[in-house]
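There are 2 protein chains.
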Amino acid sequence: MTQSEHAARKAGGATALLVIDMQNDFVRPGAPACVSGALATVPAVVRVLEFFREREWPVFHVVREYRRDGSDAEITRMREFTAGVPYVVAGTTGAEIVPELTPADGEYLIIKSRFSAFLGTKLDFILRRLLVGTVVICGTQYPHCIRATAYDALSRDYHTIVLADATSAETAEVAEANIRDMAGVGIQCLDFERFRTFIEDPRASQRRDRV
Amino acid sequence: MTQSEHAARKAGGATALLVIDMQNDFVRPGAPACVSGALATVPAVVRVLEFFREREWPVFHVVREYRRDGSDAEITRMREFTAGVPYVVAGTTGAEIVPELTPADGEYLIIKSRFSAFLGTKLDFILRRLLVGTVVICGTQYPHCIRATAYDALSRDYHTIVLADATSAETAEVAEANIRDMAGVGIQCLDFERFRTFIEDPRASQRRDRV
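Going line by line, the protein sequences match chains G and P. Here my numbering is used: the first sequence runs in plain steps of one and ends on residue 348. Here my numbering is used: the second sequence runs in plain steps of one and ends on residue 348.
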């Protein structure tokens, strides 16, 4: 395959969805590692999932899991585990994906123990096998798992899109700062409705841009 | 080696410096990819280098290089190369480290073509061989190469420190937003003087914290 053939193949490749860390311990109010903005995005993530499922486009549910003793947690987070406040421990309810977003048959589950969904997982192998050219990301939270995954996706030559209204942070200010940085390297951050319009009618989307 | 032995070894391990992307095309005013804040940090990076060299602690110079045709540049940056405004092209003056920060004999040169210094490089292999436990980062620029490298270092279990006054961004606002996010996962961002005090007299540093 020549370089230009490869580029063409990627440009016309499949579009995959990554839903990141939408687990009880990160989403449910009062949970040990709750991200303030996460619960409010659940309905938007449901709509995104429906969109991908209708088209039978690949869906990846990416979740974090740690051992109860924290021995596989980030070195800066082990203290929380030894202090007896662990979270997303494998096998607990807290580590489960929130019920509204339960994976459907045939969807991929990727378990990670770091920020990026690519680090120490099979994600890239599967994306390549599926000839994915564009990775669409949503979930929580902006500064850490979303962003690390987005940079790693772009670094592996995927066109990378973050769905802003289906992605959360502790505050709107944090979200905005992260969107600005990501836009600086060409990671597109846009609302789901705009993404949907672009997919369904790219020309209409371009016309709107010119107005 | 047991888990606790491993933890002890890392805790007492060596401290390595990564100086990132301090190349003419990113630092010199008027260069095609100049980062506004980079030139002003050169004297601080010089002081940091002197500190590490005096102690004979390992120093890594991490640089970005692309092919002139952009075929190894990020997919979102290829346009600049095909439009005839390439930067940090291997073999050009623009890709060279600024003269003030020229690597000394025995220091490591790591060439990367993505944001993270760990991606597609031998950096982690060498850090492990040197039994490095703490990675100290400076250079440019905060939101992209500094941050991606810091998250990747933490994800590989290195204690990770960013020297704030020896690290740059386009604006102070961008720097601050990135420092805040990184602090949230335990990546310490502190000025060189404070880092130096801590290394030279950890107890004095702790006393000052209590005042």
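To be clear, the hints were calculated from the coordinates, so they are not data collected in a lab. Note that beta-carbon positions come from the ideal geometry of N, C-alpha and C, so glycine has one too. Do not rely on the hints blindly, as some may be mistaken.
A short list of chain P residues far from chain G (calculated; beta carbon distances all over 12 Å) [as the list claims (entries may be wrong)]:
#	residue
1	V179
2	V196
3	V235
4	P240
5	R293
6	A306
7	E307
8	D328
9	R340
Taking lysine to any residue pairs in the SDA-like style, the calculated list, with each CA pair at most 25 Å apart, reads [as the list claims (entries may be wrong)]:
#	chain 1	residue 1	chain 2	residue 2
10	G	K259	P	T308
11	P	K259	G	A177
12	P	K259	G	D294
13	G	K259	P	E217
14	P	K259	G	E211
15	G	K259	P	E211
16	P	K259	P	E211
17	G	K259	P	A227
18	G	K259	P	T334
Sort out whether E217/P lies within 25 Å of K259/G, counting only the CA atoms. Answer violated: K259/G to E217/P is near 32 Å, above 25 Å.
Assess, step by step, whether the Cα of K259/P is no farther than 25 Å from the Cα of D294/G, and give holds or violated. Given that 25 Å is the threshold and the Cα spacing comes to 20 Å, the pair holds.
Would you check the hint for K259/P and E211/G, treating anything up to 25 Å between C-alpha atoms as holding? holds (22 Å)
No chain G beta carbon within 12 Å of A306/P's: Violated: least Cβ distance 9 Å, not greater than 12 Å.
Against chain G, does R293/P keep a CB gap of more than 12 Å to every residue? violated (9 Å)
Is the straight-line distance between the alpha-carbon of K259/G and that of T334/P 25 Å or less? This hinted pair is violated, its Cα atoms lying about 43 Å apart.
Starting from K259/G, check that the Cα of A227/P is at most 25 Å away, please. Cα-Cα ~32 Å, so violated.
Non-interface claim for E307/P, where every Cβ of chain G lies beyond 12 Å: violated (8 Å)
So if I understand the rule, the pair passes when the alpha-carbon distance is 25 Å or less; does K259/G with T308/P pass? Violated. K259/G to T308/P sits at ~37 Å, over the 25 Å cutoff.
Restraint check for K259/P with E211/P, where alpha carbons must lie at most 25 Å apart: holds (20 Å)
Holds or violated: K259/P and A177/G, Cα atoms, limit 25 Å. violated (42 Å)
Since V235/P was said not to touch the interface, does its Cβ keep a gap of more than 12 Å from each Cβ of chain G? Non-interface label stands for V235/P: nearest chain G Cβ at 22 Å, farther than 12 Å.
Hints 5, 6, 7, 10, 11, 13, 17 and 18 from the earlier list are contradicted by this structure; the remaining hints agree with it.
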